[in-house]
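Participant: The primary structure of each chain is shown beneath.
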Amino acid sequence: MTESVLTPPPHTVPVVFTREMLDWLPWLAPVPEEELTQRQRDGLKDPSRAKSPYFRLLARDPDVLAARTRTDKDIFYNTDGGLPRAERELAAAAASRVNGCIYCASVHARFAVTYSKREADVDRLLAEGVGTALDPRWDALVAAAAALTVTPIAFGPAHVAKLREVGLDDYAIVDLINSAAFFNWANRLMLSLGEPASP
Amino acid sequence: MSDDVIDRLAGIAPGSPLDTVRARRSEARSQAQASYEALFAPVEPGGVAAAERFALAGFVAAVHGQPEIAAHYLDQLADKALADVVREAAADAAERGPYGHFPAGPLSREDAPGPSWHPSEAVAAVLGRRVAAGAVHAHMLVFHPRDSAPAPLQALLDAGWTTTDIVTLSQLVAFLSFQIRVVAGLRVFAAAM
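First to last, the protein sequences are chains A and B.
Residues 17 to 215, numbered by the numbering used here, are exactly what the first sequence covers, in order.
Residues 46 to 238, numbered by the numbering used here, are exactly what the second sequence covers, in order.
In isolation and in its complexed conformation, chain A is listed as follows (with noise of 0.2 Å):
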C-alpha cells in the first residue's frame, strides 16, 4: 500500500529569520517513541532526542543517523584548537541563510550570540542576509561560508587568502569549511522533511 505525507496541524508559520525558539512539524511520519529498536535507539546518541519529531524521522536509517551525529558533534563542539566555537556557529547560520533554512537559522544564531555575545551582528545577518557589512573577520567567514554554498560551489583562493588575512590558522580555515559544508547536509533535511512553526 502507497504511503501518504502527514499533513502539520494548524499552525503559525515564521515569515522571517528569527532568534526565537521554533517547533518543527514533520512531513513523513517518525517512528513512534516506544516503537524504537534498540539500534534506532543507539542512532539517536542522545536519549532525549527520542522526544524529537525530527531525530524519530531520522532514526528510520540509524546508522546514518549515528554517523551524521558524531561528524556534526565533533566540527561544531571539538575545542582543541580552530575556529572558535562562536564562529562555526556563525558559518552555520550565514550557510542556513543562503539556503533559506529558517529554523536551522534560528538554532546556529542562537548559539553565535550565546558564544559571541554580539546580538545586534547577529540580528543583522539574519535580517540582511550574507551580504551585509559586521565586521572584516566576520565578513570574511560569512562570505567564505556563502560561496561554498552556493552551487557551482564559489570558494576560492582569494576566501583562502582572506580568511589568512583577518588571522585564521590552517585549523581554523578547516573548520570554517567543515562547519559551512555540515549546514549543506543539515539544511537540505529540515527544509525538505518538514516546516518550521511559531510557539
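No lab work stands behind these hints, which were simulated from the structure alone.
You may find that some hints are simply not true.
Okay, the calculated bits of chain B under chain A, using three or more residues with CB under 8 Å as the criterion [as the list claims (entries may be wrong)]:
id : segment
1  : 210 to 219
2  : 226 to 237
Here are the in silico distance ranges between beta carbons for each label pair [claimed, not checked]:
id : chain 1 : residue 1 : chain 2 : residue 2 : range
3  : B       : Ala68     : A       : Ala177    : 23 to 31 Å
4  : A       : Arg180    : B       : Ala149    : 39 to 47 Å
5  : B       : Ala170    : A       : Glu51     : 32 to 40 Å
6  : B       : Arg53     : A       : Ser64     : 35 to 43 Å
7  : B       : Thr65     : A       : Ala177    : 16 to 24 Å
8  : A       : Gly97     : B       : Ala237    : 13 to 21 Å
Here's a subset of chain B near chain A, in silico, CB distances under 7 Å, partners left out [stated by the list, open to error]:
id : residue
9  : Ser47
10 : Arg70
11 : Ala79
12 : Gly142
13 : Gly150
14 : Ser165
15 : Arg191
16 : Pro195
17 : Leu198
Where a beta carbon is used, it is the ideal one built from N, C-alpha and C, also for glycine.
Got chain A; can you put chain B on it based on the hints?
Facilitator: Chain B only, in chain A's frame:
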C-alpha cells in the same frame, strides 16, 4: 593513498600538511567516512538498491559540476548505459542555486523563482520510475531546497519510495551536498597552502 574517501577525492596524501590539520578533527573525519559507508555499503541494505544509491549520488555530484566525484560513484555502476544517461540527465538539470520561495511575508522580496527539473521521457525510461523520481527530488534539494513541500514527498511515495526509503534518499543527497563542499573546499585550501 588514504582509505578515506574525502581525502582521496581531495588529493590529501598521508603525511601531507592538510592530513595533519584534518587529524585534529579525527572524529569528524572518521564519522564522515562512516556516513559514506552507511549510505553506500549499508550493513542492512534496506529498501534502496545499491545501483539506485550510486546513480543518484553520481547525479548529485554531476549537477554540482564535479565530474571526478561523479565518476567515483558512477564507476560503481555495472550498467554503463545507465551511468551515461545519468551524466546526460545531470548536464540537462544543472542550474545555479540556491533559488526558491520563502513563506509569504517580508522575505518574499528575496524570492528567486527558478525551474523544477524533470527528465525527458527517453531519459526517464532508462533511469526507471524510482530513480527518475529520485533525481527530480535530488534536483530540488540541491538547487532550491526552500521550495520543499509535502507534494514532492508524495510524488516519491507514488513512485514506489517508502517513507523509510525517502529518509535514506534525503540523507544521501544531503550528505553528498556536504561531502562535495568539503572536497571542493579542501582542494582550494591545499592549492593555497
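Participant: Confirm or reject each hint.
Facilitator: Hints, verified against the model:
no. : hint                             : verdict
1   : 210 to 219                       : holds (count 7)
2   : 226 to 237                       : holds (count 9)
3   : B/Ala68 to A/Ala177: 23 to 31 Å  : 24 Å, holds
4   : A/Arg180 to B/Ala149: 39 to 47 Å : 42 Å, holds
5   : B/Ala170 to A/Glu51: 32 to 40 Å  : 39 Å, holds
6   : B/Arg53 to A/Ser64: 35 to 43 Å   : 37 Å, holds
7   : B/Thr65 to A/Ala177: 16 to 24 Å  : 21 Å, holds
8   : A/Gly97 to B/Ala237: 13 to 21 Å  : 20 Å, holds
9   : Ser47                            : 16 Å, violated
10  : Arg70                            : 6 Å, holds
11  : Ala79                            : 4 Å, holds
12  : Gly142                           : 4 Å, holds
13  : Gly150                           : 3 Å, holds
14  : Ser165                           : 22 Å, violated
15  : Arg191                           : 3 Å, holds
16  : Pro195                           : 4 Å, holds
17  : Leu198                           : 5 Å, holds
When each numbered hint is compared with the structure, violations occur for hints 9, 14.
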